[in-house]
Structures are given as C-alpha cells and as structure tokens.
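Each chain, written out:
2 protein chains.
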Amino acid sequence: MAYAIGVDIGGTNTKFGIVDKRGNIVHQSRMKTSDYEQVGAFVDDLYEHLLPLIQEVGGIEMIKGIGMGAPNGNYYKGTIEFAPNLKWKGIVPMVSIVQEKFKIPATLTNDANAAAQGEMMYGAAKGMKDFIVITLGTGVGSGIIVNGQLVYGHDGFAGELGHVTVIPDGRPHWGTGLKGSLEAYCSATGIRLTAIELLEKYADTPSPLRDIPAEEIDSKKVCDCAMNGCEISKEIFNYTGEVLGRALANFIMFSSPEAIVLFGGVTAAGDLLMKPTRYAMEANLLPIFQNKVKLIFSDLKEADAAILGASALVWE
Amino acid sequence: MAYAIGVDIGGTNTKFGIVDKRGNIVHQSRMKTSDYEQVGAFVDDLYEHLLPLIQEVGGIEMIKGIGMGAPNGNYYKGTIEFAPNLKWKGIVPMVSIVQEKFKIPATLTNDANAAAQGEMMYGAAKGMKDFIVITLGTGVGSGIIVNGQLVYGHDGFAGELGHVTVIPDGRPHWGTGLKGSLEAYCSATGIRLTAIELLEKYADTPSPLRDIPAEEIDSKKVCDCAMNGCEISKEIFNYTGEVLGRALANFIMFSSPEAIVLFGGVTAAGDLLMKPTRYAMEANLLPIFQNKVKLIFSDLKEADAAILGASALVWE
Chain D
151 MAYAIGVDIG GTNTKFGIVD KRGNIVHQSR MKTSDYEQVG AFVDDLYEHL
201 LPLIQEVGGI EMIKGIGMGA PNGNYYKGTI EFAPNLKWKG IVPMVSIVQE
251 KFKIPATLTN DANAAAQGEM MYGAAKGMKD FIVITLGTGV GSGIIVNGQL
301 VYGHDGFAGE LGHVTVIPDG RPHWGTGLKG SLEAYCSATG IRLTAIELLE
351 KYADTPSPLR DIPAEEIDSK KVCDCAMNGC EISKEIFNYT GEVLGRALAN
401 FIMFSSPEAI VLFGGVTAAG DLLMKPTRYA MEANLLPIFQ NKVKLIFSDL
451 KEADAAILGA SALVWE
Chain Y
151 MAYAIGVDIG GTNTKFGIVD KRGNIVHQSR MKTSDYEQVG AFVDDLYEHL
201 LPLIQEVGGI EMIKGIGMGA PNGNYYKGTI EFAPNLKWKG IVPMVSIVQE
251 KFKIPATLTN DANAAAQGEM MYGAAKGMKD FIVITLGTGV GSGIIVNGQL
301 VYGHDGFAGE LGHVTVIPDG RPHWGTGLKG SLEAYCSATG IRLTAIELLE
351 KYADTPSPLR DIPAEEIDSK KVCDCAMNGC EISKEIFNYT GEVLGRALAN
401 FIMFSSPEAI VLFGGVTAAG DLLMKPTRYA MEANLLPIFQ NKVKLIFSDL
451 KEADAAILGA SALVWE
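First to last, the sequence lines map onto chains D and Y.
Note that my numbering has the first sequence beginning at 151, numbered continuously upward.
Note that my numbering has the second sequence beginning at 151, numbered continuously upward.
Possibly wrong hints are sitting among the right ones.
[As the list claims (entries may be wrong)] Derived PhoX-like pairs (lysine-lysine); straight-line CA-CA distance at most 25 Å:
no. : chain 1 : residue 1 : chain 2 : residue 2
1   : Y       : K171      : Y       : K239
2   : D       : K442      : D       : K276
3   : D       : K182      : D       : K251
4   : D       : K425      : Y       : K329
5   : Y       : K444      : D       : K227
6   : D       : K444      : D       : K384
7   : D       : K384      : D       : K370
8   : Y       : K276      : Y       : K182
9   : D       : K253      : D       : K227
10  : Y       : K171      : D       : K329
11  : D       : K329      : Y       : K444
12  : D       : K279      : Y       : K227
13  : Y       : K442      : D       : K227
14  : D       : K442      : Y       : K239
15  : Y       : K329      : D       : K442
16  : D       : K279      : Y       : K279
17  : Y       : K442      : D       : K239
18  : Y       : K370      : Y       : K351
19  : Y       : K276      : D       : K227
No lab work stands behind these hints: they were computed from the structure.
This structure is a prediction, so every number in the text was calculated from the model and none was measured.
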C-alpha cells in the first residue's frame, strides 16, 4: 500500500491525484463538481475517472485510502454539512458513499484543514508543530495545527477564522449576515467591496479601476493597477493588509504559532499585501510575541497543495 | 509517591498545598509573595513552610513533584519572564531554583493554564478534551485545552487572550499600550474604567456609585449597586458582557470548545455578567456554533482551584 488518493472538492472543480509516500503526485486529473446535481452520480464518475489511474500504479491493493478536502467537511462525522457553494444540500454522508463505492478507507476534512495538513507534510510548514494556514480565496478559511495535530474542536468545526469579527458592527457579510468578519474584508469578494468603497471615497482621484465594471473588479485586477502605480489600488491592499494583520495578531495571542502560512489566489498580490499585513500584525502584538512569528506565503502550487493535503489525511 | 505539591504564586500571596491523587488538598497554607525582594529567599521560606506539611504525609519520598502556577510562567523553559506584578525582575529560572532546594521534580506554567488544568482534572470541565478557561480578575488570562492538552504554542506563551483586540483603536491598556484589548474592558480595572466613563456619559442619572471615589470603584461595588437597582451599574455589566461575549464568539470559531469556563473575582457578579455575555456570544457566532457551547462559571473555590491546578501538572 504505497499510495494514497487525494481529492479536493471545490464548488466548481474537483481535483484528484494518486500520491506516493514522499508527496509526489504520480497521476492527477480533474472533473467539474458543478455538473452533478446528485452526489451519488458524482462519486460514480469520480470512481470511473480514478480507476485507470489506480490500475497504472498496480491496482486497488496498492492504495491505502482516500483523503478528501471539501468546504464544510466534518472530520469526525465524515459529512459535508450545508456547504453554500455545493449543489448537494443538507448533510451529505460523503465518507460512507465513497467507502461503499471504492471499498477502501476514506477520510474527509474541510478544505483549509487539508491545506494545513499538506503544508505540514510537504510545504512551508514542514516539520513545524504549531502553525496556522489562512486561505485567502473566494472565501477566507483556516487550518490550525497545535502540538502537531489539526485542531478540530469538540464537534469537528474548529478553525472558522474567516468568520471572526475584526471590526465590531462593520461591513455585513453577504452570506452569513455577521458584521465585520475577516472574510467580509480579506476574501476576493471583500477586496472588491473595499475597491468600490474607496473609489467612491476618493471620487476625484483618477484610477484605471474606474474603467472596469464594479462586479468585474477582482484581486488580480487591483493588483495589476497597483503595479502600474494606481494609488487607490495600493490603498485597497493597504487596507486589506491592515485588517488581516490585526486579525493575525489576535490568532497569535491564542495559539502562539511558529508560522502563519498564507495560501490562495489573493496572495498573488505579493508584497502589496504582505507588507501592510506584517506591519499591522506586529503593531498589535504583545512584546513577547513580536518579531518571532514567520509570516509566509505557501510555496506549494495551489492545485497540488489541495491534492497533497487531502492525501496526507490517509498517512496520518 | 501518593501526593503532589501545588503552588500558586500570585502578586500578593502565594498559596500552596499537598494534594492527593483524587484532588483532595490534605494540607494547605499561604505566605506573602510581596514580602520577598529576592526569589532565593522566597524559595527558602517556601521550603520551610512546606517541610512540616511534607513530614505529616510521610516525608519527601511520598511526593511525586511540585507544580507551580505563576504570572508569565513559561512551561517549556521553567522560567517566570518579566512578570509585571512580581518583584523579581527579568527572567527567573524558577524550576531550577525549586528543584535545587526541594530535590524533587518541578513544573511551572502560567496561572491561567494551571486553572485550566485544575478545571479539567477536578472542576467544571472534568472529562472534557476541548475547552477554554478565562480568568476575570485584576487582569484577564486564559488557559486553552485542545485535544485534552494545554495549548502552549511553539514558545510556551500561547493563551494570552486578555490581550487580543476586541475594539480596534479602542480604550488604551494602562500597561501594554495596546488599544481596545479584552483586558482593557473585562478585567476589574476595565470595569472601573467603564464605570467612570458611563457615570460621565449619564451625568444626569443618579447612582450610588457617585458617592464612591473613582479609584475605589470595583467590580464588587458595581455589583452591589446593580443588585440595589442602579441602572448605570446594570449598564456597566451589560457593556462588559457585550465586549466579553463578542470576544468569546471569536475564540469559539478558533477552537470550537465544548465549554468556556469563567473564573475569578469578576464572576461574582453572576447573572448580571452572564446574561449579556451569553447573548453577545451567541449573536456573533456562525449558526453551526450556536447553542452548543456551554458557558459556565467555575465551581471550584478560587484558592483551591489554583493549588489543584498547579498540583495537576505533576500527575500529567
């Protein structure tokens, strides 16, 4: 049993691969999650896609198990529960369905936890026992490692750091209704909302962002504009970084991690995001925590990290 | 080796006791920490005080070790580092000094971690594997248990939840200079500052608190006034609870604890504090966390809990 299967279930795409013990993805492919109204049909097709890859490594006897990462995945229960970005509603007993089909052990966790597991085994946090992964994408997610173990909490739902309040009575979140949450500011959507706010606030300042329809503004476009000298775009990342850095300082005073690893599409902004984030983080820490915590970007390719992280659950 | 010694080192008093495996304090006593300019003299006298108690249980061979809780105690290093409320400045190698004197193993952690350990072994959190203890006293401290283990972080300083920012750019903390920290609102000092603010804000409203010099207002006096119907005093606890509840919601979304145990002098306010805290906590949680987390007061006597918690380190 020299291989593990890693499956990363996202709202749009599902990526999967066969991974050896050293973290080499020996085969990989993908399919469209959103094509499947029913989870049963999805798992049937996942099996059809994986079967030829499994044969290539010597058959199912060579596979120790299947690890899956999914939004709202619950490790204890093996279920995906009320995931807003998936078509399968309610509580989906994913682990049972997959074990039934594949006849090998399956494990499930949420996508950010899978990323943290991947970082610990193969990425920037290799060898660390205390760190936090923050995923900055469509949403803001987190995976927390304490004493070398993922923090699941008593019910399997720990690590929802995207939903902590950073600004009391601040910007309402479009999905949860909570006010001033981290995700409302530091996700791709949050950055778009900040862009709209700042374009209005500095109505007299020219910006190439004004040529883009509001609903099409995204982190990448703001980044491109900032690179070309747009002051409002730089201010958008300064503000995003300030909110993020304040939140990270709070997380540090909770679990005192060796590192915080930032992961996901928004990190493509590089120093535009990193500099204000680090500044605000350090400024809001007690002296005993200052200049100690490594704030780093993930160095795993995003698609790989998700598969590796999910497969890592199998070796655990 | 049927007994453990528990020592709770506070800024004013040090309480110590001999504890059996079931958590019975068979002998206990106390001494004044603040009488000792030098830590060496303190440990010498602690030994003199403990020696007769040790003889009563059959001599030093009956003692498995000494567990100590102290402000800014570092579990990994066995040191007390820069504790603002102790006379011993800089880095004090407490574990070495105690082991040298007593010739038995010694362990040290911070006072809130010791309280959490005590709650897990003998208190309200008995049998729980995921919970948080918040100590509400002169300061606000915390001890966090994840997977049945105290969270120390990579450097032993985890769990400084009194210093997380709850209100960005809020009330400055008298000691740290950080703005808007939990301790600045929910410690005894924080409650006094809220009282002063609200007495000014509602200058026309009569309150028995106005007869007390500002520097003598404390949580207990506010509580007494509230019990006698003072509206401003009730509002002081409503505000304190709102700030505390918001912070607790954030902590829950980090580690998803089964319970949060509130501990320390400020909890004497009972429902005056509990009701607004619970309300604000629930209102700021994602639905998956709502109506799940037990918010409870410690049921250990404060002096006992500290000794029990410190002694519990020995059995760990």
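> Which earlier hints can't be squared with this structure?
Replying inline: 1, 8 and 10
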